[in-house]
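In order, the protein sequences belong to chains A and B.
Under the working numbering, the residues of the first sequence are numbered 362 to 444, in order.
Under the working numbering, the residues of the second sequence are numbered 12 to 160, in order.
Source of the hints: derived by calculation from the structure; they are not laboratory data.
On a predicted model such as this, the values are computed, not experimentally measured, just so you know.
Beta carbons: idealized from backbone N, C-alpha and C, even for Gly.
Keep in mind that the hints are not guaranteed to be accurate.
[What the hints assert, rightly or not] Only part of the chain A face toward chain B is listed, based on derived beta-carbon distances under 7 Å: (1) ILE417; (2) GLY421; (3) ALA429.
[What the hints assert, rightly or not] Below 30 Å or equal to it, Euclidean Cα-Cα: the simulated BS3-like pairs (lysine-lysine) are: (4) B/LYS69 - A/LYS437; (5) A/LYS441 - B/LYS69; (6) A/LYS437 - B/LYS71; (7) A/LYS437 - B/LYS72.
Chain by chain, the residues:
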Amino acid sequence: MTLWASLLTMSLVMTVVAGFLAVVLRDLLAAALALGAQGLFLSLAFYLLQAPDVAIAQAGIGAALTTAIFLLAIRKTRRKEEE
Amino acid sequence: MTVVVRTIARLLFPVALAFGGYVIMHGHLTPGGGFQGGAVAASALAMVLVAFGPSRLKDKKGLLSALESLGGTAFVVLGFLGLGVTFFANVLAGSHGLFGRPVPYGPNPGDLNTAGTLPLMNWAVGFKVLAGLGAVVLLFALFGGEDDR
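Assemble the whole structure, with the sequences as input and the hints as a guide.
So, in structure tokens, the structure goes:
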């Protein structure tokens, strides 16, 4: 497997893992950070698939801005998810 | 937030803002452009809001609103500039004036002073996106009273 293919596989697997963690985690702060990591790995996958334009937009909006909005929302409500 | 987060945010804010300006400035040469650069700069603003709380930026609502209006108006004015030919006609390209140098032939490292009205439109869109997304995050942070936790 070439370096490109292994990097792409790693970023896609990490995207799935981070998305799974964002759903499963009970601590909402950790879940929001997992969602940010998912956006970052997805932007890495976009970059490896020769779409740097989409990668910049995904890193700016998906990884940074939505995480900031989630953090502000958690600050205004509560941190733990209840059953 | 803790002192670690505040220090990192204080160090990283000008860097992120400068990178957003870089992405906007080179929008007609490299990947990126007005929207992407504005989003990067707005994420710098959001980082400061998360680290320091909204109280420091509370009086900047009017500035962000004016910046967004300026960006939208500049985009439409640049569109009307080419009305002698068609709407959005690139009158500045190849005019040897502002952004008017002819594009060099063949592979080249990229000349910033080309492409006519497109860089100006990138700046207009960049300011509009920066002010719009920044105002959204700021109003969201100010909603329901401010508590600096």
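Structure-based check of each hint:
Here the hint on A/ILE417 is kept, as its CB sits about 4 Å from the closest CB of chain B, short of 7 Å. Checking A/GLY421 against chain B: minimum C-beta separation of about 4 Å stays under 7 Å; hint holds. The beta carbon of A/ALA429 comes within 4 Å of a beta carbon in chain B, closer than 7 Å, and the hint placing it at the interface holds. Under the criterion of a C-alpha separation no larger than 30 Å, the hint pairing B/LYS69 with A/LYS437 is consistent with the structure, at around 17 Å.
Restraint check for A/LYS441 and B/LYS69: satisfied, since their Cα atoms lie roughly 29 Å apart, inside the 30 Å limit. About 21 Å separates the Cα atoms of A/LYS437 and B/LYS71, which keeps this hinted pair within 30 Å; it holds. As the CA atoms of A/LYS437 and B/LYS72 are separated by approximately 20 Å, the hinted pair is consistent with the 30 Å bound.
In summary, this structure violates none of the numbered hints.
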